[in-house]
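Chemist: Here's the letter readout for the chains.
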Amino acid sequence: MHRTVPSLPLAPSVKVKLINAGFQVASDLTDMRPLQLCKEAGISQEEAVEVLQMLRDDGQPHQQRAATESLTALDLLHQEQALGSIVTFCSALDDTLGGGVSMGKTTEICGAPGVGKTQLCMQLAVDVQIPVCFGGLGGKALYIDTEGSFLVQRVADMAEAAVQHCTLLAEDTEQKQALEELTVEKILSNLFLVRCHDYVELLAEVYLLPDFLSKHPEVRLIVIDSIAFPFRHDFEDLSQRTRLLNGLAQQLIQLATQHSIAVVLTNQMTTRVSNGQSKLVPALGESWGHAATQRLILRWEGLRRLASLYKSPSQMEATVQYQITVQGFRDASDEHRPTPDTSAVSSQLGNHSKRPRTEDLS
Amino acid sequence: MDWEQLDLNPRIIGAVKKANFRTAKEILCVSGPDLQRLTRLSKTDVQRLHCAVAAAVRKSKLVTALQLIRGECPVLEAGHRLSFACPILDGLMRGGLPLRGITELAGESAAGKTQFCLQLCLSVQYPQENGGLNSGAVYICTEDSFPIKRLRQLIAQQPQLRPDLPPALIRSLRFSDNIYIEHAADLEALQACVSQRVPVLLKRGLVRLLVVDSVAALFRSEFQADEAIERSRHLLAFSNTLHRLSHEYGAPVVCVNQVTDVVDGPNPGRCDYGLVGSKVLPALGIAWANQVMVRLMLRRLAGQVQSASRSSAPRKLEVVFAPHLPRASCLCGVWEEGVRGIPDDHSDLQPQGSS
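So the sequence lines, in the order shown, correspond to chains A and B.
Heads up: the first sequence is residues 1 to 362, going by full-length UniProt numbering.
Heads up: the second sequence is residues 1 to 355, going by full-length UniProt numbering.
Heads up, some of the hints might be wrong.
Now the in silico label distances, taken between C-beta atoms and shown as ranges [stated by the list, open to error]:
| # | chain 1 | residue 1 | chain 2 | residue 2 | range |
| --- | --- | --- | --- | --- | --- |
| 1 | A | Val132 | B | Leu169 | 25 to 35 Å |
| 2 | A | Arg243 | B | Lys203 | 20 to 30 Å |
| 3 | A | Thr167 | B | Ser176 | 53 to 63 Å |
| 4 | A | Gly98 | B | Glu188 | 15 to 25 Å |
| 5 | A | Val132 | B | Ala237 | 19 to 29 Å |
| 6 | B | Asp7 | A | Lys39 | 23 to 33 Å |
| 7 | A | Gly98 | B | Gly269 | 25 to 35 Å |
Calculated from the structure, these hints are not laboratory results.
Quick reminder that beta carbons are idealized off the backbone N, C-alpha and C, glycines included.
Taking the hints into account, I'd like the entire structure generated from these sequences.
Modeler: Structural data, given as structure tokens:
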């Protein structure tokens, strides 16, 4: 293939050195040995090896590479449908989400303190482990706790309730067999916990995630509870915070799509004052709103707890009611159908796309 | 940070030193392409650098929830709680106060919050098998002066409060020696106390309970209504210090909070935490509420409740939110020996006005 050196996917400094040494076209480099290239171009031996490696991979027939790289939309649809989703055990919310929390996407859960974000995260960490024959994913979960609110006693309660739920559902032999292995101990042993005390530890943890996921390929869910907590204090420079958060979001989306896992983040709420009126909005600023693929907002309305799907590429906006019981995150006993989004949600949360820019108290 | 100890090609370490990076934090806070530009390393080199620095920062091993519940990681999950010294109150809290995290106790004045705190200061001194932590307590007063007479009364009455414990054990504990009292008149003094003096006591193992009575007083008095952002910043800094201390030393932190009146109806700009029909809400807003792990509210009810020919105004202790507790409440009374829960089968009482 006649590719020019500047068009090759190499670091700019390497390309400059190659061009200065007289290599203009890719074919000039193909029959060089690493040491030769090293001396002639003045690049390090490692860089020379990398250049030649890249050229060798490049040498494959063009069509074959194209076939492995591009996919049709139909292929993507099949892939997405085959991925499955993690149920939340609240059927109304599952319907709204299109089956449950989707794989391959990042989902953000925002809510005021005590409304149930940590409960939902713990529930998902248990539900991802439900065996495939029961409609689950049979995977493991990684829980990154930054607030210290992960109390294992509660997870054990939820695991117990999940096992009982499956016991009631078990019909055929395959399910009964899977049920024998599904115990509270097994569920707890498949839930990995990491505690991060500040944002540097959280950043470090996310850099180590690709390694972790390749060592533990059965992990299908990563929960970060919460991503707001370490980033909301001692940040003098808010633009640095925005930069770090954007970087984190990019890394997490990349992990979600590459490994087909679900990434769930929790966010706090803050008060925003505009036109003399105050309302609760998700924390971490405006640009963070674009970070997650899906956004779920949990809130109180009197005695009821409501979950609103606020942003999703594939599902309609809707609000459902849920409750937190001893067994965990469940449907509210009286309401089972989601109401399509009407003015109720927009008046509560404001029309975000047309909101004037104001100071927010985060 | 000593770059030599990282498991990296010396060329990468040299580039890092040349680019003047000194701490792991600086490396982790710079993105891949930026690092490539600053150190002139290739993309794979920068990836390896990030991974090596991250591994050096995250020294702790991976833990599973099963290991936690079996008590194999006392650092992350102690497996026991700080008891209230009353079985009914402990039952409400599933054992007592969690050892890590901030517990808030909010209520109107004269509800009995200080009584709870004093009782906890005594309970923490018992050995672990009796629900304590075998250590002392730090009590930071920001409002009134410390109620020393009441403390002496409680100490004298400990055998009545804890009849299940051997009197010899109670006699052997020198309660007043192990309670460190601090007075903080303004925010600066409070922050200095919490960041300098309290860590010394915690490090030496002299205390394992921190009580701040109250958190609201100084924050509400030193900031005007329009200085909300400023107040928020100080509040976050203060709670961050408490949070760090609590997690590092496994010491429960109890913060007493005041309440504000609810004058209008439900307001979308204000979170009610599901406390419908309540005339009061915990003070300091959502900025503080986000830092609290367990929120309890104490209300004083009308009427009287009797116990062995003594009477007390009943109180309702309610769990507003906690990660491991359902929303429940129990009644309790304040007696000479301390706070004791009232079992459910007692007299039915009318709440005082609100609730």
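Chemist: If you check each hint against the structure, which ones fail?
Modeler: 1, 2, 4 and 5
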